[in-house]
Amino acid sequence: MQDIFQLAYWIPLLPLLGSLLNGLGRRYMSRSMAGWIGSLSVLGSFVLSVLVFLHVKSGHSEVIHYFDFIKVGTLTIPFSFQLDALSSLFLLIITGVGFLIHVYSTAYMHEEDPDQFARYFSYLNLFVFSMLLLVLGSNYVILFIGWEGVGLCSYLLIGYWFKNPAYTAAANKAFIMNRIGDLAFLVALFWIITKSGVVGFQDFFSFVQQHQFTERFTATDITVITLLFFIGATGKSAQLPLYTWLPDAMAGPTPVSALIHAATMVTAGIYLIARSNFLYSLAPHTLHLISWVGLLTALLAASIALAQNDIKKVLAYSTVSQLGFMFLALGTGAYAAAVFHVMTHAFFKALLFLGSGSVIHAMGGEQDIRKMGGLSTKLRITYFTFLIGCIAIAGIPPFSGFFSKDAILLSVFLHSPLQYGLALFAALLTAFYMFRLLFLTFAGQFRGTEEQKHHLHESPWAMTLPLLVLAVLSVIGGWVGIPEVLLPNAEPLIQFLSPVIPVVPHAVSHETEYILMATSTVLVLLMVLAAWWRYRHYQPGVSTSPFTRLLENKWYVDEIYDKLIVQPLSWMAAWLRSVAEAKVIDGFVNGVGRAVQYSARQLRFVQSGQVGLYVLLMVLSMAVMLFIQFFIRK
Amino acid sequence: MPINYYLFLSLALFTIGMVGVLTRRNAIIIFMCIELMLNAVNLLLVAFSKMHYQAAFEAGQVAGQAGVDGQLFVFFIMVVAAAEVSVGLAIIVMMYRNVHSVDINFLNRLKH
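Chains A and B are the protein sequences, given in the same order.
The first sequence begins at 1 in the working numbering and counts up one residue at a time.
The second sequence begins at 1001 in the working numbering and counts up one residue at a time.
Okay, chain A solo, but in the shape it has when bound (with noise of 0.2 Å):
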C-alpha cells in the first residue's frame, strides 16, 4: 500500500471543499444534495483517518512539510502536519463523530429553507475542517488557525438562527470570551517565539531541553507560557473563570452543540495541554493551578447543573463539569487519562446530546424538562441510547465513562487525597443531576400539553442511527483504557499515546485501587437511586429552598460578571461618550469651525470693494515687511 501520510492532507482538505461547494452554491442546491455532499466529505475524512491512524498504529509518526506559511528573518514557520498518536486519535474522534452528527443533522433540520441547509452544512464542514486542522499543525501558528477558526465557526453556528437577538448575543458572548482567551495564547505564542525563535512542537520541546533553566530559558519563562497557554485554554474549554458562555451557546442548532460545545471544540484546551505536556511538566505551579481550576469547575458547573430545566442547559452544564475533570487529569499529571476522558466524553455527550436533540424534535421544540415526562414508551430508541449515555457519564461499569473517570480518580488520588474527595463529590453530583435528567425527562406521567402528547414520535432513521452507533461506542469506548488491575497487559490507549505522552507508572497497590473502583461505583449507583427515589414521580410547582434558587440562578455569576465588568466597562464608555468625546473631542473640533468662522466674520469688513483701501493696507502691510525686515530681523 502507498504510504497514506501522502494524503493526509486530504483530510482537511475534503471538508473545506464540503464547506466551499454548499457555502457558495447553496442557492441551487436541495437538501438533500447539501446534506449528502456534508456528510460524504466527513465521511472521506473518517476513511482516511482511520487509514492514517492504522498506519500510526503500527508505529510510524511523522511531519510533512507543505510549504513555508511565514518566513521572515530567521523565524520561519512551515505549513506542516503532525501524524503521531494524540492527532490520529483526535483526528478519529473528529472525523468519526463529525460524520454521526453530520447524519443526524440532515434530519433535524429538515424543516430549513434549503439554502439555509446548505449554509449550515457550510458551516458545519468549516468547523471540522478547522478542528482538523488544530489537531494536525505541527507548530503552535498552524494549531491557532485552528483555534481561530473553531471559534469562528462556533460564533457563526451559535448564532445560526440570527434573526433572533438573543442566540445573536449568546454568539457574540461566546465569541468574545473567547477572544480574552486567545488573547492570552496570542501573547504565550509571541513569548516562545521571542525565546526560542521556533514555533513547532518538537523544535520547541528540544529548544526546551536544552536550555531549560539557562538564561535563555529560565522557570519564569516555563510558568508564564504555560499558564497562558492555560489561559487560552480555560476560554476555548469553558473552565473558571470563562465558562459562561459554553451554557448561553446551547442558543445554536442542537447537533451543533453536540459536536462543537460538547465532544470536539471543547476539547481544543485539553489537546493544547496534552500536546504540551512536555512543558508542563516543568512547571508544577502551573500543573498546581490547572487541577485547582478544573476541580472547582467541575464542582461548580455539577452543583448548577443539579437545578437547572432547560434539557440543553444541564447538558452544557454537565459538559463544562466534565471538561473540568478533564483538566484536573492535565493537573494532576495524567495527561492520558485527560485524551482518555475527552474520548469517552465525545461519545456519551454526543450521545446524549443528540439524544436531547431527538426528544426536542420530538416535543416540537419543547425544552424545559418540567413539561416532558413519561417519553419513554414513546421514544423507545432515544429512551434507550439516553439511558446508556446516562450510565456512561454517571461512571458505572463497564460503560465507557467508568474507566475514564477511575483513571482521573486514581491519579487526583495519588495526587492529594482533598482533591480526590472533591473531585469523587463532583462524579457524584454528575450521577444525581443526569439521573435526574433522565427520570424527569422518560419517566412518570407525560406534563406537556394535549397537541404535544399528540405528536410523540420517535424521530426517523437518520437521526436514530447515530444515537444507536454513539450508544455502542459509549458501551465499547472505555474498553482501550482497561486498568492493568482488571486485565492484565490493558491499557492500550496508553500504550499507543506513550510515543506522545510517556507512561508515568503509579505505585499503587492493587487493593487501592479495588477500593477506590468499589466505592466510587457504589456511591455513584446510590446518587442513582436517590435520583430515581426523589425524581421518579415527580410533579411541577414544588416549592424550591433558596439554595435550589441560589442554584438555578447559576450561582448569580452572569450577574457578578455584569456588575463587575460588564457594567464598569459600559459606565466608562458613557463617560467617554458624553464627556471625553462630546466635550473634548467635539468641543475642540466645534471650536476650530467656530474659531475660523468668527474670524472669517470680522476680517469680512475688509473686503470692503474700495480699491484705495486695499491699496493702503497693501502699502501699509510692505511697510510692516520692510520694518521687519531691516529693523527686527538680524
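These aren't lab readings, by the way, just hints derived from the structure by calculation.
All values derive from a computational prediction rather than experimental measurement.
Where a beta carbon is used, it is the ideal one built from N, C-alpha and C, also for glycine.
Any given hint might turn out to be false.
[Unchecked claim] Computed, partial: chain A to chain B, Cβ under 10 Å:
| # | residue |
| --- | --- |
| 1 | SER509 |
| 2 | GLY609 |
| 3 | GLN610 |
| 4 | VAL611 |
| 5 | GLY612 |
Following the hints, complete the assembly by docking chain B onto the known chain A.
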C-alpha cells in the same frame, strides 16, 4: 554730484506717486501716479548703478566707466510699464464705456 540728491528726488517722486494712488479716485490719475512710482524706481536704479561702478572703478576692480546691470533693469521696467499702460488704458476705456465714469470707488461690485 552726491548720490543723496538722486535718492531724495526719487523718494519724493515715489511718495508723490504713492499718495496719489492712495488718495485720488480718478483711475487715470492713479494710473499716472503708478507710472510716477515706476519712474522713481528707475531713477534710483540708474543712480545706484552709476555709484556702484564708480566706486569699483576707483578701486581698480573694473576697467569700464559705466555699469549696465541696473540700467538693464530699467529697460525691463520700461517695457513692462509700456505693456501695463496698454492693458490698463484698455481697461479704463472699457470701464468708461460700461459705467460712464472713471471713479474707482464706483467699482465695488466685487464685494457682493
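* Does the interface hint hold: is A/VAL611 within less than 10 Å of chain B, judged Cβ to Cβ? -> holds (5 Å)
* Does the interface hint hold: is A/GLY612 within less than 10 Å of chain B, judged Cβ to Cβ? -> holds (6 Å)
* Is the hint on A/GLN610 kept, meaning its closest Cβ partner in chain B is under 10 Å away? -> Hint holds; A/GLN610 Cβ to chain B Cβ min 6 Å, cut 10 Å.
* Asked: Per the CB criterion, is A/SER509 less than 10 Å away from chain B?
  -> violated (109 Å)
* With a cut-off of 10 Å on the beta carbons, see whether A/GLY609 makes it to chain B. => Since the shortest Cβ distance to chain B is 3 Å, the answer is holds.
Violated hint for the displayed structure: number 1, the only one.
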